[in-house]
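Q: The residues making up each chain are set out below.
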Amino acid sequence: MHNKSVAELSRELESGQISSVELTQQFLDRIDQEDGKYNSFITVTREQALADARAADEQRAAGNVTPWTGIPFAHKDIFCTNGVRTTCGSKMLEAFTPPYDATVTANFRQAGAVCLGKTNMDEFAMGSSNESSHFGAVTNPWGLSQGEKRVPGGSSGGSAAAVAARLVPAATATDTGGSIRQPAALCGVTGLKPTYGRVSRYGMIAFASSLDQGGTMARTAEDNALMLNVMAGFDPKDSTSLDREVPDYTATLNEPLKGLKIGLPKEYFSDQLSPAMEQQVRNAVKEYEKLGATVKEVSLPNAKLAIAAYYVIAPAEASANLSRFDGVRYGYRCEDPKDLMDLYTRSRAEGFGTEVKRRILVGTYALSAGYFDAYYLKAQKVRRLIQQDFINAFKEVDVLMSPTTPSPAFIQGEKTSDPVTMYLEDVFTIAINLAGIPAMSVPAGFVDGLPVGLQIIGDYFSEARLLNAAHQFQQVTDWHQREPQ
Amino acid sequence: MTISREDIEKVAVLARIRVDDEQVSALEKDLGNILDLVDQLGAADTDSVEPMAHPLNAVQRLRADEVTETNQRESFQAIAPATENGLYLVPRVIE
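Heads up: the protein sequence lines correspond to chains A and B, in order. First residue of the first sequence: 1, per our numbering; consecutive thereafter. First residue of the second sequence: 1, per our numbering; consecutive thereafter.
Worth flagging that the hints you see were computed from the coordinates, not collected in a lab.
Okay, the calculated bits of chain B under chain A, using three or more residues with CB under 8 Å as the criterion: (1) 2–9; (2) 19–31; (3) 39–46; (4) 51–57; (5) 71–78; (6) 86–92.
Remember, predicted model here, so these are calculated numbers, not experimental data. Cβ atoms here follow ideal geometry from the backbone N, Cα and C, with glycine treated the same way.
Please construct the entire structure, taking both the sequences and the accompanying hints into account.
A: Spelled out as structure tokens, the structure:
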């Protein structure tokens with residue numbers, strides 16, 4: 001049962017082969033038995049899940065059904081859940097129970113889905129290895145059989161590991177610089193970061209507001225489409241939400257790819273990429289050629305500036321967003337503050353972890369008097385250059401393809417001593433967030449027994465085309481069905 | 001690009017984060033490395049480029065000037081570290 005997709009489980013619920021209560025119980029038992037190895041969940045909401053499953057079975061009996069009615073899944077612990085602790089991976093929010101639902105949370109509730117709990121993540125989504133979580137690192141299900149504890153990627157490492165380990169068939173995630181695609185690649189699952197503004201950010205704890213975007217993670221492209229059907233849409237509560245029609249993302253999955261024009265950005269096949277990784281990605285592109293696609297090389301000349309621009313913009317926005325954590329209205333407060341300044345400075349020093357504080361300080365510096373033009377304004381200009389590269393590329397081709405990461409999952413602790421080494425992990429994903437376009441990571445092979453991700457990048461609002469391309473690939477390959485031992 | 005101890009101490013005050021001497025030394029190195037990375041931006045010619053704030057150039061939406069929020073003071077204060085009579089408590093500010 002745990003190997004089945006959301007689409008398959010939905011059909012079994014529909015035919016009455018299994019009830020939501022039985023299904024929910026089975027996945028909860030799996031989490032109990034297996035998650036000790038991975039630490040992919042921060043909170044498991046057993047009783048609430050069983051109550052929701054009973055309600056879903058009643059809804060079904062009453063004929064009130066969506067494809068998600070009674071389907072178990074999990075939320076990244078960045079989405080506020082009314083009445084359920086939401087930590088964002090931080091000591092700052094260790095005891096925070098939001099009094100409201102994020103729009104994404106409400107959408108899944110409305111669709112009748114059954115949330116089993118909240119998945120682990122890098123603190124405030126700042127990280128590429130899930131090692132900055134206050135609730136402990138997450139271990140990648142791949143590599144464990146060789147006795148190696150590897151990172152699942154981050155920041156949505158808990159969601160990726162939980163889906164890969166078959167603890168849930170699907171999980172929500174967020175992506176500010178690669179936080180959906182990189183963990184999806186490292187754990188061998190399928191993930192989609194939508195166009196900026198496609199999914200509401202309301203109630204999704206903010207890191208860098210001009211880059212953050214909620215998205216999807218599951219084993220198949222079809223399940224990603226089912227998730228996006230629930231998540232996408234205009235939300236008046238999010239001032240940057242875009243009012244565009246939402247298609248049925250499952251409706252175009254089976255369209256043929258004949259004539260699809262694929263561009264390979266030469267900057268993403270550079271010497272940063274290991275030859276073994278490159279081989280897997282080029283093999284995947286060959287599969288697309290067999291399906292009738294044509295391939296040409298394109299150039300993104302400013303892509304090399306993406307990490308530099310990102311590490312001004314993201315910390316600057318984070319420093320502003322995280323100023324709300326002051327120890328007064330909610331969240332962590334230090335013991336016995338001697339005055340107001342002591343309350344602020346000590347609550348924040350004790351409540352935030354090392355990487356979060358580092359980024360707040362970098363951002364504060366970049367925004368401070370005398371530096372704003374040199375850093376923030378300059379980065380916003382470079383951001384436009386990067387966007388223009390993509391606009392130019394999409395005049396020639398329909399989608400771009402590249403590796404998602406320069407190498408497969410690394411060993412825990414390997415990159416924690418130098419933050420800049422960790423930042424380079426997102427070298428192929430970050431430019432996409434700066435431009436605000438959508439992109440996916442799709443399982444596309446293995447190197448040394450570890451999954452490799454193919455990144456598929458599209459123009460604004462081309463999620464349906466990306467999902468179509470990923471789905472067709474998954475009809476002729478089985479990388480996404482491989483199970484970690 | 002180097003960042004001085006004094007800069008770090010100043011920024012820490014602005015950011016309302018207490019840092020001790022040992023942390024300042026580590027931050028000197030880490031922030032210096034990050035700023036080195038960021039300094040690559042200097043190489044880009046951006047003289048005639050408009051800074052980008054929103055990928056699709058969306059502007060702030062306005063809504064009708066009507067009351068849409070309900071009063072939820074009780075539930076908001078229930079999650080605060082310290083409250084009294086509907087007020088948030090902080091250390092004494094005025095002696």
